[in-house]
Amino acid sequence: MRIVVVGAGGLGGPIAMATGAAGADVTIVDPDVVELSNLHRQVQFGGDDLGAPKATALAAKIVGRGGRARGRAARFEPGNADQLAADCDVIVDGSDDPRTKFVVADWARARRRAHVIAAAVRYGGNVFTSAPGAACYRCLFEDPPDEAPTCGEAGVLGPLVGWVGGIAATRALRLGGGDPAVAGTIWIVDDLRTGKAARELTLARRHGCACGAA
Amino acid sequence: MSSFSPEQVRRYSRHVLLPDVGGIGQARLLAATVSVDASGAAGRVAAAYLVAAGVGTVTIDDGCARRVTAAAGFPLRPADVGGPLGAAVVAALGGRNPDARVVVGAPPADGFRLVIDGDADRLPLADAFALGGAAAAVLLHHIAIGARP
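Residue numbers (my numbering), protein chains in the order written: chain A, 1 to 214; chain B, 1001 to 1149.
Looking at chain A on its own, in the form it has when it is part of the complex (with noise of 0.2 Å):
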């Protein structure tokens, strides 16, 4: 099984590490490198990673606990998509940019691949996960929003970060092993402090939408 991971922080940590843990070929692309800020929520790096390129860094750490993984420090773009991820069985996207998220989820649809998109600020976060057939990413939102905060704006709960890349890396795995059954799916957390349980939502496709949908 071979995964691409879009992000490799908050969310993309913890669904790369789990998937390559779970025997999967894994290639994060991700350009930043990791900040003193990124330390309270992204437990994969520790100090002594400060300054390096987060992808590379954590393809390496998921190598030296035998898995399989590269790195690539770059941005996610059209231009670059089908280099990066054209032999994937599953792209899950984990960054922290809305556009981000849509070029991941364009692309699939497009080369008619699995995917899982995955959000977390503030308190809550959602995992939408698709495939071809199923209702797609702009079969809900559409549009990439005009402003949407990002942790660096508005903040997020440190291990949310985890329990919303723990469930994107499930699905993923899931769509990667042949079971369709999550596809066209969203999973919520709204907010934790209300108690809450998370909850998901099947997803039906949008008339006139780009993938299809009659």
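If a hint is listed, it holds; no wrong ones were tucked in.
From the derived model, a few chain B residues whose C-beta atoms are all more than 10 Å from chain A: (1) ILE1024; (2) PRO1108; (3) GLY1146.
Under 10 Å between C-beta atoms, here's a sample of chain B residues computed to sit facing chain A: (4) PRO1075; (5) PRO1078; (6) LEU1093.
No wet-lab data here; the hints were simulated from the structure.
A virtual CB, placed ideally from N, CA and C, is assigned to each residue, including glycine.
Following the hints, complete the assembly by docking chain B onto the known chain A.
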């Protein structure tokens, strides 16, 4: 956060921005004591997040006087297999945050205790992150808002 060092201001910036946390909540985390049952994979992941968040003292429950198995994943490493579990967790997490002291020991009489339902040593790492992350998140919020053990 006037009493925080410049490094702490940067390290915890994403916490201090949060409603319910702020500088006061982060200070509570830095002063807190949490005992963690690290016999299972989710507990070990939770311990990693508590250390990263700056919990002042993280005690690895020495009720897990057992050996590291080959199934043990992050934060443990292949070289840890066969060695004492508590000491391995302390070695893996102890140097990660200068604000967090990580020790092996019995749960202190005061402080918080984290035992995760459904945890197991052989839990897949994806499940360990989900369970451990969720448990640690709820506990950190609890501490930050000033709840008592």
